[in-house]
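Trainee: Since the structure of chain W is provided, determine the placement of chain G on it from the hints.
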Amino acid sequence: MSEKIGQHEGGAVLELKGLSKSFGGLHAVQDVDLKIFPGDRKAIIGPNGAGKTTLFNVVTGVLPATSGQVLLFGEDITGWQCHRRTALGMARTFQITSLFPKLTVLDNVLLAIKGLRRTKFVMWRPLSSYRDVYEKARRLLESAGYWNRRDVEVRNLSHGEQRQVEVILGLASDPRILLLDEPAAGLASGESQEMTEFLRRLDPELAILLIEHDMDVVFDFADHISVLHFGEVVEEGTTERIRRSEKVQEIYLGTG
Amino acid sequence: MKDGHAPRRKLLIVIAGLLALLMITPFTSSYVIVLITHALVFAILAMSLDILLGYTGLPSLGQAAYLGMGAYLTAILAARYQFGLDWTFWVVILMGILIGAATAALFGLLAIRAGGVYFLMITLALAMCVWGLAYRWNSLTGGDNGIILPPRPQFGIQLSDDVTFFYLVFGFFVVSLAMLYILVKSPFGRSLEGIRENELRMRILGYNTWLHKYIAFIIAGGFGGLAGVLWAHAHGLVSPEDVTLATSVDALLMVVLGGSGTLVGGAIGAGIVVFLREYLSTLVPWWQYVLGGVYVLTILYLPGGLMSIPERVRGWRASSPGRSLSDLRPTNS
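Listed in order, the protein sequences are those of chains W and G. For the first sequence, this note's numbering assigns the number 143 to the initial residue and increments by one for each residue that follows. For the second sequence, this note's numbering assigns the number 281 to the initial residue and increments by one for each residue that follows.
Bound conformation, chain W alone (with noise of 0.2 Å):
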């Protein structure tokens, strides 16, 4: 498997092409085109109900395109099951957080690790007993600081420190692609300075896709942005680009 991505490190990772998504008349995703490269760092803004989530949602396979295709590496990936997709390299985040409750931070971090490996399916061996799964587990969690509180259960946290082990889990499947989708939903603004700087140190071959409402987050982080506005791209570009747009604050401040 690893070998066949390497084939395409030239490429895109991820490619939409016309990707569109209706709920009977409403037309929540339309045809979306867009290119991410290994390195990448790009945001889509728009204001609510633009159709950021639903875009992720089908790019993840969570929802069924309408129509258009999703390439990943490559390959045609439209119709596949959430699973496959990140067997072959695809991680996201939820914009609310969704992560194990009532496991511990470890035993979250464990799952998500043992999520790519066939040993999921051992049944007579406890899981605390895979020396590597462990050893990598507590690579993650010690590059993020939290591996002093693995034992406390995830419910336990506070929502900022939820909001960053759900990037962990993201993480933990080595994606090549990672899709946020808000990470600093509901953060005071310091947390969310916080945030950003734990996703700037993220490895940066990784290709990263971020969804966002905090425009403080979104302009220190990407470097490259496209606006959703319902369902379609209205604009994109560079961060100072859309920075300055003008139909861009029309959409934000409702001029339009």
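Just so you know, these hints were derived from the structure itself, not from any lab. Do not rely on the hints blindly, as some may be mistaken.
Stated by the list, open to error - Below, a list of computed lysine to aspartate or glutamate pairs in the DMTMM-like style, where the Cα atoms sit at most 25 Å apart: (1) W:Lys278 / G:Glu479; (2) W:Lys184 / W:Asp345; (3) G:Lys465 / W:Asp274; (4) W:Lys244 / W:Glu284; (5) W:Lys244 / G:Glu591; (6) W:Lys159 / W:Glu378; (7) G:Lys465 / W:Asp293; (8) G:Lys465 / W:Glu295; (9) G:Lys290 / W:Glu295; (10) W:Lys177 / W:Asp358.
Stated by the list, open to error - Every beta carbon over 12 Å from chain G, so not counted as near; a handful from chain W, in silico: (11) Asp175; (12) Gln211; (13) Ala327; (14) Asp362.
By construction, the Cβ of each residue, glycine as well, lies at the ideal position given by its N, Cα and C atoms.
Mentor: What follows is chain G alone, placed relative to chain W:
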């Protein structure tokens, strides 16, 4: 996990409890020995259900179906073909597990697609199909009258002796408990917990959650079938009564009462329900209301079941250090 010694201590308590049960039971009255044997059979059924309800979050109302399949298989083979009354008893055990698992494999195809209440309804409907077969297929199942089994197997040991049979059932119970305990600690078992907590996240993490649930369903069916074989010999009679909704609900009650997601809780619940039923039914005609009341009260006031009491007590102690008994009254409500 919070306290490194807690799991070991719990394990020791369970082992001590099992040893006590093993040593004390033979010296009780013959009636109590039979009841304990029945409770152990139902404990296996309850634990199999706990894998679904407590660990995977699948509330199955059809666990009686697998018990029924195992029990009818045993009864039909024994009464009609005199098969399974010597060493072939072990073959029947194996067949019972397989027929339970196979039935679950079939039902799972239909049930696992659904979640929550819909899963509950589908498992209920499928179990009722098994009941319908047991009730209507007179030529095979004896219909309403059921099948009376010949005396229990003998192969060097006489299972017709209630104490010997108790030892056998106890052995099966301990092996089942150990296997299921290892299962729930394994990567597969933990993945079930992950599915219970957050299925969508598990899919995004790379788990084919349908497959995991399906395998869990089949395993639960296999243990249900095992309980069925033992039940047929324990009771000596297999009838549609064993496959009714009431049996499935009883299993559910055992798990919830003892504490779902604990395995041992289901076994404790089985003991309580079996004894309550036996003794209450001799005392009052409305004993079923008592069971219903216990069920409701458990869900309302002790959702973690009896197994959660020690933790509650610890939590209460930790939160109110130095309180005297006079402060025990609820402060505000």
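Trainee: If a hint holds in the structure, say so; if it does not, say that too.
Mentor: Here is what the structure says about each hint:
At most 25 Å may separate the alpha-carbon atoms for a hinted pair to count; W:Lys278 and G:Glu479 meet this at roughly 23 Å. Our distance criterion of 25 Å between C-alpha atoms is met by W:Lys184 and W:Asp345, whose separation comes to about 15 Å. Between the alpha carbons of G:Lys465 and W:Asp274 the distance comes to roughly 17 Å, so the proposed pair stays at or under 25 Å and holds. Among the hinted pairs, W:Lys244 with W:Glu284 is consistent with the structure: their alpha-carbon atoms are about 21 Å apart, no more than 25 Å.
Between W:Lys244 and G:Glu591, the direct Cα distance comes to roughly 15 Å. Compliance with the 25 Å bound is thereby established for this hinted pair. At most 25 Å may separate the alpha-carbon atoms for a hinted pair to count; W:Lys159 and W:Glu378 meet this at roughly 16 Å. Restraint check: the Cα-Cα separation between G:Lys465 and W:Asp293 comes to about 16 Å, which is no more than 25 Å; the hinted pair holds. The straight-line distance between the Cα atoms of G:Lys465 and W:Glu295 is roughly 17 Å, inside the 25 Å bound, and the hint therefore holds.
Restraint check for G:Lys290 and W:Glu295: the C-alpha separation of about 20 Å stays at or below 25 Å, so the hint holds. As the CA atoms of W:Lys177 and W:Asp358 are separated by approximately 24 Å, the hinted pair is consistent with the 25 Å bound. Chain G leaves W:Asp175 outside its interface by the beta-carbon criterion, the shortest separation being 24 Å against a cut-off of 12 Å. The beta carbon of W:Gln211 sits about 20 Å from the closest Cβ of chain G, which is more than 12 Å, so the claim that it is off the interface holds.
No Cβ of chain G comes within 12 Å of the Cβ of W:Ala327; the nearest lies about 16 Å off, and the non-interface call holds. The Cβ of W:Asp362 sits about 26 Å from the closest Cβ of chain G, beyond the 12 Å cut-off, so the non-interface label holds.
Violated hints: none; the structure is consistent with every hint.
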